Structure formats: C-alpha cells, structure tokens
Amino acid sequence: MIVGKVIGTLVSTRKLNNLVGSKFLIIESASNMGTDKRIVAVDQVGAGIGDYVLVALGSAARIGATREASIDAAVVGIIDDENDIIDKL
Amino acid sequence: MIVGKVIGTLVSTRKLNNLVGSKFLIIESASNMGTDKRIVAVDQVGAGIGDYVLVALGSAARIGATREASIDAAVVGIIDDENDIIDKL
Amino acid sequence: MIVGKVIGTLVSTRKLNNLVGSKFLIIESASNMGTDKRIVAVDQVGAGIGDYVLVALGSAARIGATREASIDAAVVGIIDDENDIIDKL
Amino acid sequence: MIVGKVIGTLVSTRKLNNLVGSKFLIIESASNMGTDKRIVAVDQVGAGIGDYVLVALGSAARIGATREASIDAAVVGIIDDENDIIDKL
Amino acid sequence: MIVGKVIGTLVSTRKLNNLVGSKFLIIESASNMGTDKRIVAVDQVGAGIGDYVLVALGSAARIGATREASIDAAVVGIIDDENDIIDKL
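Residue numbers (the working numbering), protein chains in the order written: chain A, 1 to 89; chain B, 1 to 89; chain C, 1 to 89; chain D, 1 to 89; chain E, 1 to 89.
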C-alpha cells in the first residue's frame, strides 16, 4: 500500500454504471512513497481533503467494495498522528 | 486510477478476436499522474480526442467490459470541468 | 496497453512446460510509452521483427491464450499505419 | 518480490473492517530494489523495526492471509544474514 | 516478462509456510529491461548464479507453481545464447 494526502476531489458524470455513487479522491503520494506522484482513488472510509490516507492498489482496491467496480485504487484507511511518522513517509 | 487526455486513436486490423470492435485511444497521462507518460486504453464511455478521462489500469479495466478481452487499461469516465482541477492533476 | 516495436526474438530451451511452443519477442516500448524500456512478450498474432505492436500487460496477457501459461505480456495486435501516429506514441 | 528494511509502523484507526487486526509496517526497499522507495506492507511473519524482510506485492500479498483483506503488499519472510548479501540488494 | 541475470541467492528461515522449499534468486534485470533494477524471484527451472533467465511477474509467477504460494516473481526459463542477443536486452 502507499500513504498519500487527499488534495482534491474529482467529478465524472459520464462514467460506467458500476462507478455510479463512487467518490473520487485525488491523492498525492507521500514524498518517498508510491510509483505515481498522484493518483485517483475511490474513498471507502469517509476521508476528506487534507487527510493522510492508506491507499490499496490493483485488485486489492476491489476487495472492500460492496459491488464489482472498475477501480484500481481505494482509500482503505485514514492515518492516525501522521505528524509522528511524516519523516518516514 | 489515473487521469489523462485523449490525444489520438489507434487502429489494429490484425489483432486477437476478443479485441474486435474495441476502440483504442492513446492517452497522455496528466503531468503528475500515472506510471507511464502515454498508454493505450479501450474506450468504454464514448470519449473522444481532447477529452480528459479517468483510466482504470490492470484487471480493473476488464470489469466493465461486456466480454473477456485482453485489455489492461480502459477509459471508465469522462472528467467534468477539468479546468477547475487541472492544477491538481 | 502499450505500443512497442519488435526488435528481436529470444529462445529458452530450459523453461516451464506451460511455455513450450511460445514465441518470445523482445519489444522496445515506443519512446513515450510503457513503464519498461524493453520487455519480452509472447506473440499471439503472428508479429515479426520490425512490426509495431499492441502489448497487453499483466493478467490481460493470459486471456487470449489457448492454455494457462506463465506469461505477463502478450502481443495482441499489430498496429496499422504506425507512421501516421508515431509522434503520438 | 523485493527486499526492504522495516523502518517504522503505522496506525490507522478508521479503516476497512477487513483490515482490523493488521499490523502495518513501513518498508524502505533495499537501494537497488523495488519500484517504490517506501511502501506499507502488512506483517505476516512477526517482523520488527530493523529487520530486513521479503515483501510480496500485488495479489500475492493476499495468498498467505487468513481472510480476504484489502492489501497489496505483505511481509512474507525475514532475511537471514542480510549482511552477507547486502551488496546484492 | 523481463530478462535478468542471477547474481545471488537469499535465505529466509522465518517465512510463510507456503514458501517453505522455495529457492529465492536475486535477479539483476538486463540494463534496458524491467521496472526494478533488482528483484527476488522463485526458481522454477533449476537456474543458477550467472544464468540469464526469463522472469514472469505478478500473478503469472504463480501459474507454474505446484501449490499456491505468496510469490510475485518466478524464473520460468533460462535463456539460450544470451551473448547473441545481449545488445537487445
């Protein structure tokens, strides 16, 4: 998994039906983490802008989902006390 | 997922049968996004050149498809008002 | 998917049984495409050296295959008129 | 797989139910290894800070797990005598 | 797939049961190949140090395996006459 910060949200009206109801978050991966500087992940835990979050990539992103959806990244946790570990991220 | 811009289309007459009927779009991933600068994705939402689109990678690309096809990237949404969020992409 | 050029072939006599009969092509990914500069892909459409080809990565590579094989990249199409789109690749 | 060093742990109180009970380790991949400099992996072998560990990525991370969980990286082994091979990592 | 050279082996006594009996090889991917400079792969064809080998990544690594194991990279072939093609790797 990677850790990143929620820096925005994204709206897509014309999308696959299996994505209807999904909340798309723009995540900036922590400086030393993640293959991609920024990605879009579906929120599964009620995260908001400014939160540091745990993001599962690939097929792992669909395991928590209530239905099969075309997603390859999901926010699966909100980090506690990120300030204590920020230098390690 | 990543966000990218549709910059072209691609034709492949000699291809696997399970790809017949697929529309191949050349996607340039938004500057801060995506492992690969450009990829080829199959269109699943009627996107066209110039559209900013949401692209699902890996096995996620096949979930929305009506049949099993040899694809690892699919356009699953068209972004609304990309100008509002372009700096975050 | 990525687009690349077939620049060579590769022979592996000592290999897993499920790869026997596979034709291994060395692919150089188009300059702006692909995570890896070069990869080895199994040919599924009769491509040859010099062809520009469409390559499916990961589990997508096994969908077109007639049997389960230990492959993570497959040539699934040959590009038409690559010269028209070369600047976009 | 990649080899990395456990450099910290991470706590996420608000997370998916299927992650409850998981121990999240922050792994710094050995200098020549791994796509990402640092990742978060779930511990499956009792590793601790300072250990050099073997990390399985993607769907492989879920094979050893006792239940389906939204994880894409898992610590699946602790390296013996890493000093003997450190130059190769 | 990628091509790489076996440059060492690795021992992990404390590991998941499903990895017991696996031979871990340290692979340096050929200069133009592969996302990661070095990775650890499980040997499935009897490769040794100095061999140039074909490595399958991701879920492909588990297809040849006799049992479900937490592996994401496997040596699935030994390259013949690598000197003839070394400039292409």
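Take the hints with a grain of salt, since some may be wrong.
Same chains, same names: a pair is fine if it fits in one copy or spans any two.
Stated by the list, open to error - As a list, the in silico EDC-like pairs of lysine to aspartate or glutamate whose alpha-carbon atoms are at most 20 angstroms apart: (1) Lys-88 <-> Glu-68; (2) Lys-5 <-> Asp-43; (3) Lys-23 <-> Asp-84; (4) Lys-23 <-> Asp-81; (5) Lys-88 <-> Asp-43.
To be clear, the hints were calculated from the coordinates, so they are not data collected in a lab. Bear in mind that the values here come from a model prediction, so they are computed numbers and not experimental data.
Consistency of the hints with the structure:
When the C-alpha separation of Lys-88 and Glu-68 is checked against a cutoff of 20 angstroms, the pair qualifies neither within a copy, at 34 angstroms, nor between copies, at 28 angstroms. When the C-alpha separation of Lys-5 and Asp-43 is checked against a cutoff of 20 angstroms, the pair qualifies only within one copy, where the shortest distance is 12 angstroms, while the shortest distance between copies is 23 angstroms. Proximity of Lys-23 and Asp-84 under a CA criterion of 20 angstroms is satisfied inter-copy only: 17 angstroms between copies versus 28 angstroms inside one chain copy. In this assembly of identical chains, the alpha carbons of Lys-23 and Asp-81 lie at most 20 angstroms apart only when taken from different copies (16 angstroms versus 24 angstroms within one copy).
Taking the shortest alpha-carbon separations for Lys-88 and Asp-43, only the inter-copy value of 17 angstroms comes in at or below 20 angstroms, while the best intra-copy value is 24 angstroms.
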